[in-house]
Structure formats: structure tokens, C-alpha cells
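S.K.: Chains as they are written, first to last, in the numbering used here: chain L, 1 to 115; chain E, 1 to 110.
Just so you know, the hints here were simulated from the structure itself, not pulled from any lab data.
All figures in this text were calculated on a predicted structure; none of them were measured in a lab.
Heads up, some of the hints might be wrong.
[Unchecked claim] Quick list of in silico lysine to aspartate or glutamate cross-link-like pairs, DMTMM-like style, CA-CA up to 25 Å:
#: 1; chain 1: L; residue 1: Lys-11; chain 2: E; residue 2: Glu-45
#: 2; chain 1: E; residue 1: Lys-42; chain 2: L; residue 2: Asp-86
#: 3; chain 1: L; residue 1: Lys-62; chain 2: E; residue 2: Glu-3
#: 4; chain 1: E; residue 1: Lys-2; chain 2: L; residue 2: Asp-86
#: 5; chain 1: E; residue 1: Lys-2; chain 2: L; residue 2: Glu-103
#: 6; chain 1: E; residue 1: Lys-42; chain 2: L; residue 2: Glu-83
#: 7; chain 1: L; residue 1: Lys-16; chain 2: L; residue 2: Asp-57
#: 8; chain 1: E; residue 1: Lys-56; chain 2: E; residue 2: Glu-5
#: 9; chain 1: E; residue 1: Lys-2; chain 2: L; residue 2: Glu-14
#: 10; chain 1: L; residue 1: Lys-11; chain 2: L; residue 2: Asp-74
#: 11; chain 1: E; residue 1: Lys-2; chain 2: L; residue 2: Glu-50
#: 12; chain 1: E; residue 1: Lys-2; chain 2: L; residue 2: Asp-74
#: 13; chain 1: E; residue 1: Lys-56; chain 2: L; residue 2: Glu-50
#: 14; chain 1: L; residue 1: Lys-78; chain 2: L; residue 2: Asp-56
#: 15; chain 1: L; residue 1: Lys-16; chain 2: L; residue 2: Asp-86
#: 16; chain 1: E; residue 1: Lys-67; chain 2: L; residue 2: Glu-44
#: 17; chain 1: E; residue 1: Lys-42; chain 2: L; residue 2: Glu-44
#: 18; chain 1: L; residue 1: Lys-15; chain 2: L; residue 2: Asp-86
#: 19; chain 1: E; residue 1: Lys-67; chain 2: E; residue 2: Glu-15
#: 20; chain 1: L; residue 1: Lys-15; chain 2: L; residue 2: Glu-44
#: 21; chain 1: E; residue 1: Lys-42; chain 2: L; residue 2: Asp-63
#: 22; chain 1: E; residue 1: Lys-67; chain 2: L; residue 2: Asp-74
#: 23; chain 1: E; residue 1: Lys-42; chain 2: L; residue 2: Asp-74
#: 24; chain 1: E; residue 1: Lys-2; chain 2: L; residue 2: Asp-57
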Amino acid sequence: EAGVVQSPRYKIIEKKQPVAFWCNPISGHNTLYWYLQNLGQGPELLIRYENEEAVDDSQLPKDRFSAERLKGVDSTLKIQPAELGDSAVYLCASSLGRQGSYEQYFGPGTRLTVT
Amino acid sequence: QKEVEQNSGPLSVPEGAIASLNCTYSDRVSQSFFWYRQYSGKSPELIMSIYSNGDKEDGRFTAQLNKASQYVSLLIRDSQPSDSATYLCAVDNAGNMLTFGGGTRLMVKP
Chain L
1 EAGVVQSPRY KIIEKKQPVA FWCNPISGHN TLYWYLQNLG QGPELLIRYE
51 NEEAVDDSQL PKDRFSAERL KGVDSTLKIQ PAELGDSAVY LCASSLGRQG
101 SYEQYFGPGT RLTVT
Chain E
1 QKEVEQNSGP LSVPEGAIAS LNCTYSDRVS QSFFWYRQYS GKSPELIMSI
51 YSNGDKEDGR FTAQLNKASQ YVSLLIRDSQ PSDSATYLCA VDNAGNMLTF
101 GGGTRLMVKP
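Model the full assembly from the supplied sequences, consistent with the hints where possible.
M.R.: Shown next as C-alpha cells:
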């Protein structure tokens with residue numbers, strides 16, 4: 001069974017530029033999460049989707065971050081404009097959610113560097 | 001603020017010893033508890049989940065949960081150098097939402 005797929009794996013951009021990350025969850029997983037992980041810290045939830053509905057986006061900085069999950073499968077997280085403090089690893093995870101287990105499985109992440 | 005606390009370490013143990021990793025959490029209504037292993041430069045990998053008080057064993061790993069004390073631990077028996085990683089404790093507070101601790105770095109010395 002294929003795991004969570006993310007792209008790109010690495011991204012270097014200048015501040016004020018836009019950037020987008022893509023995630024494809026494990027097949028059949030209805031719940032999708034975007035996390036941010038800073039060095040030496042645990043992941044922090046940005047947004048959670050149940051199918052195509054964003055059910056928790058309270059930690060998403062809405063002035064510059066946006067996300068979508070069209071058709072309830074793939075998801076895209078966007079930052080516009082990026083700031084130096086956005087440099088981090090952006091992780092996507094998925095789970096069966098209410099249909100089964102709440103165990104979350106992570107993709108490889110996208111390491112963003114803003115210069 | 002729902003918190004999950006872990007000692008950042010590093011915890012250093014000799015090869016073959018038992019490594020004991022601890023985690024405390026603040027939200028009494030927490031129902032599900034998870035341990036993730038994260039190698040340097042890699043993403044977290046789920047290694048154990050536990051939902052009820054007591055012990056749960058899976059190979060060399062044992063998770064222990066005490067909801068009254070709001071305490072969850074992970075024991076790694078016969079530690080190997082390949083177990084050297086950061087171990088993240090995660091707590092599900094509200095159904096399908098994880099709060100992570102900062103992680104404990106484990107070093108297993110040959």
C-alpha cells in the first residue's frame with residue numbers, strides 16, 4: 001500500500017514569494033492533516049480536513065496561508081507571501097478517521113527555506 | 001492550553017539495555033495515545049498506539065498508560081543503535097486531533 005505522498009521535498013524561495021505544497025493521502029483515508037514542524041519541536045497542526053471539508057483551521061494563519069482539498073483526495077497548502085519565519089518542514093498526514101482508526105500516517109514532508 | 005510534556009534528552013543507553021521514555025499530558029479527557037519515531041531529517045513514523053490503561057506490547061516495544069496519573073511511557077527492550085532517534089509522544093484530545101510533545105532524543109551507544 002502506498003504511503004502519503006508529498007511534493008516537492010525541498011523548496012527554497014525568497015521572502016515575499018508564493019509557494020505551494022501538494023499532498024496525496026493514503027488511499028481510502030478520508031481525514032487529511034497539514035502540520036508544521038520547526039527544528040527540535042513536535043509537529044503543530046495547521047488544518048484538518050474531513051473529506052473536502054476543513055473542520056479545524058484555527059491554527060492556520062489565514063492572512064497568508066490557504067489550503068484546499070478538492071474532491072476530498074489531494075490537498076494543496078499555499079503560502080503567499082512567504083516570510084522568513086515560515087522556514088520549516090511542512091508535513092501532511094492522513095487517517096481513516098471516523099470510519100476506523102485515528103492513527104495518523106505522515107508523508108515525507110516538504111522542507112521550506114525562505115531567504 | 002492542552003500540553004504534552006517530554007524530556008528533550010538526550011537519553012543515552014548502552015546497546016542491549018532498556019530505554020524508558022516518558023510523557024505527561026494535561027487534558028484529562030484524552031482518549032488515545034501514540035508514539036512516533038523520527039529519524040534525523042525524516043518524518044514521524046507511528047510505532048505504537050494505546051487506548052486503555054495498562055501495558056501494550058509489540059515486539060521490543062511496550063507502551064504503558066496510566067490515565068489517573070496522566071502519564072504514558074514507551075519502553076524499548078534490547079535497545080539497538082538503530083533505535084537512536086527522536087521519539088514523539090502524541091495525545092488525541094478531541095477525536096482525530098493530535099497534540100505532540102517536543103520529543104525525546106534517544107542515543108543507543110554500541
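S.K.: Evaluate each hint against the coordinates.
M.R.: Outcome of the hint check:
1. As the CA atoms of L/Lys-11 and E/Glu-45 are separated by approximately 22 Å, the hinted pair is consistent with the 25 Å bound.
2. Among the hinted pairs, E/Lys-42 with L/Asp-86 is consistent with the structure: their alpha-carbon atoms are about 19 Å apart, no more than 25 Å.
3. The hinted pair formed by L/Lys-62 and E/Glu-3 meets the criterion: a straight-line CA distance of about 24 Å does not exceed 25 Å.
4. Distance check on the hinted pair: E/Lys-2 and L/Asp-86 sit about 24 Å apart at the alpha-carbon level, within 25 Å; holds.
5. In summary, the hint linking E/Lys-2 to L/Glu-103 is supported, as the alpha carbons are separated by about 19 Å, within the 25 Å threshold.
6. A threshold of 25 Å between alpha carbons decides the hint, and for E/Lys-42 with L/Glu-83 the separation of about 24 Å falls inside it, so the pair holds.
7. Of the pairs offered as hints, the one joining L/Lys-16 and L/Asp-57 holds, with about 23 Å between alpha carbons and a cut-off of 25 Å not exceeded.
8. Annotation: proposed proximity of E/Lys-56 to E/Glu-5 holds, straight-line Cα distance about 21 Å (limit 25 Å).
9. Between E/Lys-2 and L/Glu-14 the alpha-carbon distance is near 35 Å, which puts this suggested pair outside the 25 Å criterion.
10. Taken as a hint, the L/Lys-11 and L/Asp-74 pair is honoured in the structure, with Cα atoms around 19 Å apart against an allowance of 25 Å.
11. Of the pairs offered as hints, the one joining E/Lys-2 and L/Glu-50 holds, with about 22 Å between alpha carbons and a cut-off of 25 Å not exceeded.
12. As the CA atoms of E/Lys-2 and L/Asp-74 are separated by approximately 30 Å, the hinted pair breaks the 25 Å bound.
13. For the hint linking E/Lys-56 to L/Glu-50, the alpha-carbon distance of about 29 Å lies beyond 25 Å, and the restraint is violated.
14. In summary, the hint linking L/Lys-78 to L/Asp-56 is supported, as the alpha carbons are separated by about 17 Å, within the 25 Å threshold.
15. Of the pairs offered as hints, the one joining L/Lys-16 and L/Asp-86 holds, with about 11 Å between alpha carbons and a cut-off of 25 Å not exceeded.
16. Using a Cα cut-off of 25 Å, the hinted pair E/Lys-67 and L/Glu-44 holds, with the two alpha carbons roughly 23 Å apart.
17. The hinted pair formed by E/Lys-42 and L/Glu-44 meets the criterion: a straight-line CA distance of about 16 Å does not exceed 25 Å.
18. Of the pairs offered as hints, the one joining L/Lys-15 and L/Asp-86 holds, with about 9 Å between alpha carbons and a cut-off of 25 Å not exceeded.
19. Between E/Lys-67 and E/Glu-15 the alpha-carbon distance is near 31 Å, which puts this suggested pair outside the 25 Å criterion.
20. Annotation: proposed proximity of L/Lys-15 to L/Glu-44 holds, straight-line Cα distance about 22 Å (limit 25 Å).
21. Taking the CA atoms of E/Lys-42 and L/Asp-63, the gap is near 29 Å; set against the 25 Å cutoff, the hint is violated.
22. The suggested pairing of E/Lys-67 with L/Asp-74 is violated, with an alpha-carbon distance near 36 Å, which exceeds 25 Å.
23. Our distance criterion of 25 Å between C-alpha atoms is met by E/Lys-42 and L/Asp-74, whose separation comes to about 22 Å.
24. About 17 Å separates the Cα atoms of E/Lys-2 and L/Asp-57, which keeps this hinted pair within 25 Å; it holds.
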